[in-house]
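Colleague: Just so you know, the protein sequences line up as chains A and B, in that order.
Just so it is clear: in the first sequence, position 169 is 169 by the working numbering, and no numbers are missing.
Just so it is clear: in the second sequence, position 160 is 495 by the working numbering, and no numbers are missing.
There could be a bad hint or two in this list.
Listed below are the simulated DSBU-like cross-link pairs for lysine-lysine, each with C-alpha atoms no more than 35 Å apart in a straight line [to be verified]: (1) B/504 x B/589; (2) B/643 x A/284; (3) B/361 x A/293; (4) B/461 x B/839; (5) B/654 x A/284; (6) B/844 x B/795; (7) B/844 x A/68.
Don't read these hints as lab results, they were simulated from the structure.
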Amino acid sequence: MSTTPIKFYQVGSFAIGNRLLPAQDRAIQSDPNRTNALTSGHRACQGCGEALGARYALDAAMRATNEKIIVVNATGCLEVFSTPYPESSWRLAWLHSLFGNAPAVATGVAAALKAQAKNDIRVIGQGGDGATVDIGFGALSGMFERNDDVLYICYDNEAYMNTGVQRSGATPPAARTATTQAVGTNPGNLFGQGKNLPRIAMAHEIPYVATATVADLRDLEAKVTRAMSFRGARYIHVLVPCPLGWGSESCDTIKIARLATQSGLFPVFEAESGEVTSSTSIRKIVSVEEYLKLQTRYAHLFSPTRRDDVIDHLQAIADKNIARYNLISEGSAHL
Amino acid sequence: MEYPFAITLSANSSLANHTGSWRVEKPEYVHRMPPCNNACPAGENIQNWLYIAEDGSYEAAWRALIIDNPFPAIMGRVCYHPCESVCNRAELDEAVGINSIERFLGDHAIEKGWTIPAPRVESGFKVLVIGAGPAGLSTAYHLRSMGHSVRVRDATPAPGGMMRYGIPKYRLPREVLDAEINRIKEMGVVFEMNTRVDDVHDALDEGYSAVFLAIGAQLSKRAYIPASESARILDAIKVLHEVEDGSQPLLGRKVVVYGGGNTAMDVARTAKRLGAEEAIIVYRRTRDKAPANDQEITEAIEEGILVKWLSTVKHVDEKKLHIEKMELDENGFPQPTGEFETLEADSLILALGQEVDFSLLGNSADLDTKDGVMPVDATMMTSHPGIFAGGDMIPAERTVTTSIGAGKKAARNIDAWLRKKAYEKIENNDIVTFDQLNTWYYTDAPHIVRERLEASRRAKDFSEVVKGLNESNALYEARRCLSCGNCFECDNCFGVCPENAIIKLGPGKGFEINLDYCKGCGICVAECPSSSIIMVPDK
């Protein structure tokens with residue numbers, strides 16, 4: 001990770017701001033004059049992680065580019081709740097075309113800017129996991145392969161939430177969705193091979209790939225800022241809990257994202273040209289159960305009969321991540 | 336209006352969509368009671384002055400502190416800091432060293448010569464305070480701040496009461512005591528020392544509208560101990576008093592102290608400093624049952640003082656005494672075992688607790704007393720209207736801090752009584768517990784231990800044992816405060832709101848909720864580190 005936590009400020013060292021810190025050491029979100037790329041009045045559900053993630057990421061990108069930015073949005077919650085005709089919550093140049101073509105449209109915008117020699121204006125493509133992992137996957141892979149000058153951000157809430165919580169390629173094993181009901185001997189989504197888009201992006205050896213969550217704002221801001229320092233295709237994958245689809249309390253959105261990282265289920269790392277360059281160590285290790293039990297999409301693992309076999313299987317996935325990304329360091333504490 | 340092809344409405348901002356209407360609950364910023372403030376016998380707003388000190392505004396922090404307690408430098412040395420015992424940070428790593436920061440602020444104020452201004456408006460009321468101990472001084476200070484004319488009378492030559500004549504110099508250097516008392520003098524409080532008050536009622540006749548009694552508990556409790564005529568038996572309070580007066584009490588080479596309270600520790604440690612080769616404390620129960628503060632016991636033992644736990648003194652002869660071993664019964668009471676031991680001792684000092692010496696009040700005997708103390712009502716008033724009492728002479732815990740708290744309470748009630756109003760205390764019982772904090776946001780930061788004089792060196796003279804913090808580690812320590820129940824402007828709520836519905840009002844002003852857009856998701860409440868926001872039903 002490219003930021004160092006400020007250890008001297010015992011009060012709220014991990015908080016978003018701190019009155020004792022100089023302004024440049026506070027998160028961009030603590031600035032009362034932040035750009036608010038996604039402003040109030042949008043129609044996202046209470047406690048929406050995606051609304052939060054999009055504002056965090058785009059405010060950071062706007063700061064990094066002096067607000068010279070064009071955003072191309074795929075279809076999905078983010079598009080629907082932000083722009084019910086004729087209102088818009090966006091406070092930047094924003095474009096929406098189809099569900100599957102956001103990376104291709106972004107490529108086109110970048111090419112048009114290049115043709116006009118407007119090199120100072122940068123392009124961001126963004127969408128949910130459905131648009132990214134499934135529907136727009138081909139276009140995205142092409143964008144990576146051609147190394148088009150676009151930062152693509154995926155806000156991953158692990159299913160098609162906008163249309164009623166259907167499974168996507170990013171839905172984790174055992175999770176209940178409208179199309180993977182908690183019935184039968186293997187309830188919920190299948191234990192498939194998974195579709196790990198950050199790793200697929202790395203396989204394209206693009207300049208920059210990173211993962212982040214809404215639970216670690218400073219990390220997310222640092223990664224977006226870093227991504228804007230590169231030219232070429234870049235990819236950031238942001239975990240954004242969805243209270244509606246995950247069956248969690250609206251107030252727990254950030255807590256759940258935090259537990260996803262602290263259990264090892266969602267590894268936070270960054271990679272350059274296909275190689276992992278850093279990963280964020282777990283501060284307080286928890287079992288996957290701590291993460292699962294707050295979400296009704298996993299309720300069938302705990303009642304009517306407890307499915308230790310399934311929980312162990314999910315724990316094995318977390319343990320593999322911990323080993324692969326070296327997530328446990330000396331400072332990690334067991335809870 | 337003309338629109339382009341296929342467009343029927345003009346573009347608009349979503350700000351027109353007031354999503355606040357979705358809400359059934361709303362967040363509200365609150366000030367809750369931090370456990371330290373709740374535990375402070377002097378009613379200090381600890382969290383508040385720590386918060387101010389955190390950015391290095393020491394004078395402002397000191398001024399906030401002295402609103403409740405005029406003696407931070409004294410407190411930082413003699414207070415047993417019940418605040419630290421309940422500090423929520425203890426469950427994270429270690430309690431915040433509140434006492435050491437208080438001392439730093441107190442010492443810093445003395446060094447910088449900060450003074451307390453005299454009141455701007457004189458009330459015209461005259462109040463007499465009898466007794467210049469912590470309770471009397473605290474009352475005098477608070478009454479003077481409220482604009483009353485205050486006179487303090489005391490039979491001793493110098494003000495301070497037990498802080499001067501009971502607590503030894505190595506715990507409380509007299510320069511510190513004098514400096515903090517001087518400030519009260521400079522506010523215009525008149526001290527009349529070497530003056531014994533024989534009749535409280537005369538004071539009311541002298542034109543005082545109210546009297547505050549705080550004569551303390553100075554009479555050593557006696558136990559019947561068979562002793563030969565040549566045995567040397569002294570009482571602890573007298574010994575400490577003599578040391579303060581500058582006369583050297585003759586204790587001999589081997590000194591035995593009988594008792595297990597703080598006075599016993601103080602007098603044993605004083606005996607060592609006066610040159611006794613051996614100081615032994617005899618106490619009838621065990622260490623965990625001893626009333627003395629544990630740190631004082633530890634310091635005494637470190638200085639080479641021996642303690643005979645579970646022992647009673649049976650008989651005292653010249654140069655030796657007989658003690659009997661005790662054992663605890665199932666109820667925890669010590670019972671004799673019939674097993675005896677002989678100790679060599681040149682003198683025996685009794686430190687068995689103190690009683691109120693009502694004879695000091697002379698002809699004021701009509702005031703009610705009960706069980707050796709003077710009962711007061713909820714307003715600290717005695718059975719006689721206009722005569723209030725506090726400190727060790729009323730039924731309360733006998734510590735400096737409790738007395739200072741009693742003084743503040745008495746002053747507020749005396750003020751109300753003088754103005755023919757009732758003092759109304761604002762109740763706040765909403766105490767913040769550890770599980771209500773979101774501790775994810777705090778860094779681990781262990782407590783700074785105050786340097787102590789080496790045990791072998793310190794028992795030789797009366798130099799101060801516990802050293803203070805310097806500016807940089809005091810700042811570090813202050814910043815360990817979790818700010819329980821009170822916003823410290825970490826910007827978390829402002830950042831985590833998916834609706835941008837939090838308005839940041841600027842440094843020191845906190846935040847406000849924009850209810851037009853707040854959907855009531857509660858993330859701000861969940862992610863507030865200090866539990867300073869709550870969800871309330873939205874009507």
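Colleague: Of all the hints numbered above, which does this structure not satisfy? Sort the numbers upward.
Modeller: When the structure is compared with the hints, numbers 2, 4, 5 and 6 turn out to be violated.
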